[in-house]
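There are 2 protein chains.
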Amino acid sequence: MSAERQEFESARGGVPLNEPEVAERGTPVVDHAPSHAGEPIPMHGSREERAGPYNVIGQRQRKTDGLEKSTGRARYTDDLTLPGMLHGKILRSPHPHARILSIDTTAALALPGVHAVVTGDEMPIPFGIIVWTPDENALAVDKVRYIGDAVAAVAAADEDTAGRAIELIRVEYEVLDAVFDAEEAARSTDVQIHEAKKAGHNGNISKIVKLEFGDVEPGLAESDVVIEGEYYFEGTTHTPIEPHCAIGQWEQGGAAEGRLTVWSSTQVPHYLHRELAKVLEIDPARVRVIQPHVGGGFGGKSEPFDLEFCVAKLAMKTGRPVKILYTREEVFYAHRGRHPFHMKYRVGATADGKLKAVDARTLLDGGAYSSFGLVTTYYSGQLLAAPYEIPAYRFNSTRVFTNKPACGPKRGHGSVQPRFAFEVTLDKLAVQLGIDPIELRRRNFMGSFRRTVNELRVTSNGFMECLDAVEAASGWKEKRSKMGYGRGLGVAGSCYISGTNYPIYPNRMPQSAVQIQVDRSGRVAVFSGASDIGQGSTSLVAYIVCEELGVPLDYVRVLPSDTDFTPVDLGSYSSRVTFMLGNACVDAARKLKALVQDAVGAEWDIPPRRVLLAGGQAMDALDTGRNMPIVKAFNLAESKHGTLGSVGSYNTPNDVHGEYRGGTIGASPAYSFTAHVAEVEVDDETGFVEVKKIWVAHDCGRAINPTIVEGQIEGSAYMGFAEALMEQNIYKDADHGRAGLHNAPSLLDYRIPTSVDTPELQALIVESIDPEGPYGAKEAGEGPLHPSIPAIANAIYDAVGIRMDRLPFSPPLVWRALRERDAAAREPERMAAD
Amino acid sequence: MSAERQEFESARGGVPLNEPEVAERGTPVVDHAPSHAGEPIPMHGSREERAGPYNVIGQRQRKTDGLEKSTGRARYTDDLTLPGMLHGKILRSPHPHARILSIDTTAALALPGVHAVVTGDEMPIPFGIIVWTPDENALAVDKVRYIGDAVAAVAAADEDTAGRAIELIRVEYEVLDAVFDAEEAARSTDVQIHEAKKAGHNGNISKIVKLEFGDVEPGLAESDVVIEGEYYFEGTTHTPIEPHCAIGQWEQGGAAEGRLTVWSSTQVPHYLHRELAKVLEIDPARVRVIQPHVGGGFGGKSEPFDLEFCVAKLAMKTGRPVKILYTREEVFYAHRGRHPFHMKYRVGATADGKLKAVDARTLLDGGAYSSFGLVTTYYSGQLLAAPYEIPAYRFNSTRVFTNKPACGPKRGHGSVQPRFAFEVTLDKLAVQLGIDPIELRRRNFMGSFRRTVNELRVTSNGFMECLDAVEAASGWKEKRSKMGYGRGLGVAGSCYISGTNYPIYPNRMPQSAVQIQVDRSGRVAVFSGASDIGQGSTSLVAYIVCEELGVPLDYVRVLPSDTDFTPVDLGSYSSRVTFMLGNACVDAARKLKALVQDAVGAEWDIPPRRVLLAGGQAMDALDTGRNMPIVKAFNLAESKHGTLGSVGSYNTPNDVHGEYRGGTIGASPAYSFTAHVAEVEVDDETGFVEVKKIWVAHDCGRAINPTIVEGQIEGSAYMGFAEALMEQNIYKDADHGRAGLHNAPSLLDYRIPTSVDTPELQALIVESIDPEGPYGAKEAGEGPLHPSIPAIANAIYDAVGIRMDRLPFSPPLVWRALRERDAAAREPERMAAD
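So the sequence lines, in the order shown, correspond to chains A and B. For the first sequence, counting from 1, position 618 maps to 617 in numbering that gives the first Met the number 0; every step adds exactly one. For the second sequence, counting from 1, position 367 maps to 366 in numbering that gives the first Met the number 0; every step adds exactly one.
Isolated chain A (complex conformation) (with noise of 0.2 Å):
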């Protein structure tokens, strides 16, 4: 056993290689199901049907709530006041591993204008987003696992009084050993952050999976190239310009039960809706999420957090609103953002470039805490199998937990590490073979409507034509090495999921759900439960009923996310919205369309299929000279049929009823595909890369809005971009002061780049139009993101010779690599000299 195979065997904790887990009771892959790969693929609708031409479908138009946004009209969590309100803080642990032995709260009770404290023993039920492992508390109940868990939360008649009450708040520990280093964690049974889940793991080990697909050892033995590489991709967090906000409100019902409201600037209404009963063991049907505006979260908020159990405890002792809003410092304890990855791949390819195995091993340190950490171990392996042909693939990753915020899903969840060190790797393959590397990757094209070796189950694939559109906009082929020391150009492809085939908890209720209702004035309202974090979730809806119904966008009026008053939607995570909550919309609005066609068509005697609904009328197709205004005609739906009222839903195709015959789906209905070209500047004596541009061509089925893909795309890209050249996630060691703490937990330090450090960015739309997707539509708010980094480092092994194999590309690391590069590149003349 190599020394580096016996650091992953240990990392393991013990289990032995190849003897897989059994998965977990619903757990959202299929280990080892037989292959179905190279299967024809049962389509979920049909092409004909989703053909345009559309009339708002693909044009470009503002969001629906654009204006309200940019004249400050809209309200964020933050700006609602309710009489009596109280505000909240929450104390938080100076340790990053202690056993609390003793709270006192008198003190912080005894100070005017405190109204409670709350401590954990409140609130014992522990929760988790992934209902296998919930192992959070609302407050630290034992122990306290990292510098910033919540240990108590004070409500007070203002914001000040609050945070000098946290203060009064004595709180006796039993300091711990703690571990900031996954290899360590994986390693140590004297430090157990958790009880051990399983016979033979370590109280430190989150998750392990580990999955073969085809035969990868021969595999590799017949490459006539093998490439192995070893890839450390340090975390980074979201840094949302909204700061986490919750209010929570308590009302007597009349008889004993009472009601609980909670305002959250939350991704995951529903799930917070669970949670919140759950832990604070309350009837769901009692409690009440609201979502008001949010400013942004890229998976930052997209399970529950301390704040919204306190501020609901705290509104439930005192009988009066609470709100609490994290300081920006809190935001960067609660994080979950992108784990630190610790990556070794080994690809085999033939002489002309062709994949034959690749095989992988991860180490994620997944932070104090489970949070989506089952899921991002998963996805840190599987989504790597599309667009390339992967003949034989195995994957082997751990998470293992350590004394630091815990992390989660960021946007391109789990899957923009391996992404990174993927496309370096085949770079390097490229390099090694001579061969360009948008020619290696068009070799190595899985092809549209096929299964990977994984069981993914591709439909539409745009991904050639991506390659074809950055190579052109960029001018690869005149460009790339071709541009003078200390300029490059760099390639990179991805694929990415549209939704997950499966819900967090196991049910077979619909993922999406839209309601309508068609007013006798032509208003449209839409309810939904759907999570608009500035994504367009909500512009969504309004232009599907407006191509549907033929009504003007501002006849549309969407409810806010409310669990009282709209239908389930799971949330804004995994790229699930526009597939999702778009299919459910376009399922509602056809409903309420035929109802009008056939009134019109009675009216008219035609048939109902002859009439169109476009433009603010209803039209007969074979004579357009022949129409009413669309009032008009919903008027005549209503009288003929009753209140004009419909529900639509969407599942994945597996998952409904006899519907499906074609096994299991795999991760999601559809991927989206992306390619990028970065063309750098590096400065060879500072070590600074300068990214001039990039050019971003990506899948997204059909742009609903190209404006809004566009947007995705850019500031996908320009994620990527600060992921690469600036953005770390660092905590202070043990010779640098507190060990565990935050090194830089404000926006004054932890750098993200300003629209002056940002670089030119050119988005590409590729249309495959996905037989399943709404409209074709697939996904665009994460996809874009995976290839930025990887371009961006190969870009600079063009311009310079350097490969970077650790982000970030930040001048320190540069510099350092040239010089090894120097170093090495003077080795055989020192060696000549010697």
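Relax, there's no trap hidden among the hints.
Among chain A residues calculated to face chain B with C-beta under 10 Å, some are: (1) Ala-276; (2) Val-286; (3) Arg-507; (4) Met-508; (5) Pro-509; (6) Asp-518; (7) Gly-528; (8) Val-550; (9) Ala-587; (10) Lys-639; (11) Leu-643; (12) Gly-644.
With a cut-off of at most 35 Å between alpha-carbon atoms, the simulated DSBU-like pairs for lysine-lysine come out as follows: (13) Lys-631(A) x Lys-277(B); (14) Lys-316(B) x Lys-631(A); (15) Lys-590(B) x Lys-631(B).
Hints are computed from structural coordinates only; laboratory data are not their basis. Here the structure is a predicted model, which means the values were calculated and not measured. Quick reminder that beta carbons are idealized off the backbone N, C-alpha and C, glycines included.
On the provided structure of chain A, position chain B as indicated by the hints.
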């Protein structure tokens, strides 16, 4: 021609008697339709289907908003404050009739803190709640027609500044002669308040309805006894606790089009929505009306008012929200209360008390505008034709304009006044024939499932049970005419509508609609534009949802009326809500119930109809030990059928395409019936009438919540009692100050009873279980008022032998009647002495 008849002829402005006017298109009754009296009546629904037993319906329980209101958390319109909100005031005419020559707003606009002034020329489009009579303007355009008519409005930083500003507006008036007396108005050709509507009318004729059914003159000629009488009903007003209040908000919508939102204490959000769009010339799809909690209406908020247009227009002019709250004085000017009626009746009967023919002539004093006057004029005649069998019936009703605040609908709209006159006439008949007044009424009972002579299709009819109930409860047989001088009992009966057959504007769309959504937590959301003005419509839909879906009451959430998100319900008037909204809600809920029964039935392999939903559980009806929590049942249904949402609606049966084959149903789909017995004590010396107790038996069809029904019965009897003894809308005449000025526009002077003044009230519920009502329900909010006044009048006769044919029965009028009685008694003595 008798002098009396001549007088009425002239009151009709010269239209020849017995030459019926052509009814306006779509007006709510059929003139001289072929009689269907006595034909079998096809029913809409079946008794069996609506049979019990029920788990929720019929149970006493709290109102869903009771706690919110009683703890002060409920927010009424004036409780709302929007950022940057301005306050408005309306300048009102000091003249009862004048032409506006000019308006100079310069000084008002120059006052610091004033943001805008609006005058009538900016909103020239006339409006009116009845589409055929749009004769009002938001602000006077050319003329003012009563003291208090709105002339201009100001928006300022605060109410005081707005108040100062309206005093700075200079209006140049040409004062015109005014007319305050209805009979003078009918005759006058010098004073023309409006343009004449028809050739041959003068401009003061608002509406004339003359209808004859059966052969009246032969009937009277063949009668053994004919009672003639003349009655005066002075007007009263509603005095809701909450004064009218509205807030307007204008948002630019991105393009040129804006969006208007108006919050208003209205009873008719849908009609307000329509009229705002019309007057302000905004696409109705861009107008939103929100109804916060309403602090009472009683008909006084059931049409648009000046303030709603003014807040909208001022918001559009300033770009800021604007609120106007009426002073109590302004509520009196807004009025729309009960019309003064001058009534003459000739009632013929056989010697054994069977009615032969009724001839009624009525002059209605409408005040300055039409309001609901067209309907009032019809109702003044049409609704008298039950519960007694009247073989021949003629009425001739004329509504005129006068220079006073406009009259409109008040609880018991249009029929309280004739009911007073008619039931006193019946008492006279009983006395003259020596028949017990209750027995006389029994002898004339029309029965159930019969058509009246004027085509009212009466379905269930519990009037006989009502008579039995008050007779027994009051100890009628032991006490009537047996309690000695000064104490007496009186009886009266009545019938009223449960909603109107036709909507206020002609269309074939549903009159009520409900949209429902079931959450997987068990929460049920209900959307309806129904208007809860305190009567409990919100609770009603919650009870129905609980009955049908088996959830606890606090699982139900009802979105308050909001035209952006709730389907159209025509509003709270004409006792339409329980019947129509209830039926719509049953419709919507049963669609969902069927899905849940189907899913649970499939799970248990039993027929869906065997699945009971009750008490938070789904049960096998044949083995209730076999059950599951209702939440699980919902989840099964959602898994099988997708997200659970439905829509239900109601329209009157002869307006639903081919479903009903019984000819017109007349005024209403169902009728409620009431009997009162009042016990009084009359102080011979002062004329003070003390009502000791009122027994009220009311056939509400089915008491969905007996506590609310009793509250409505008591509230109605209270209001009738108040009108009988205390209330009086008086305007000054030239001899007593400024002619046309309201005598006492304050709650210090306008007398309504306090709880100390109020007699003991005993509500007796009679349930006739109407086959078309929801669970058999009809109405309880207005019907129980009708017999109050005649029962008290008849009790006064029983006590002291005087006939009170003019309201109110206040000490001066009663004292005068007593002394006239004494004088009449002395007359034979005097003559004998001569």
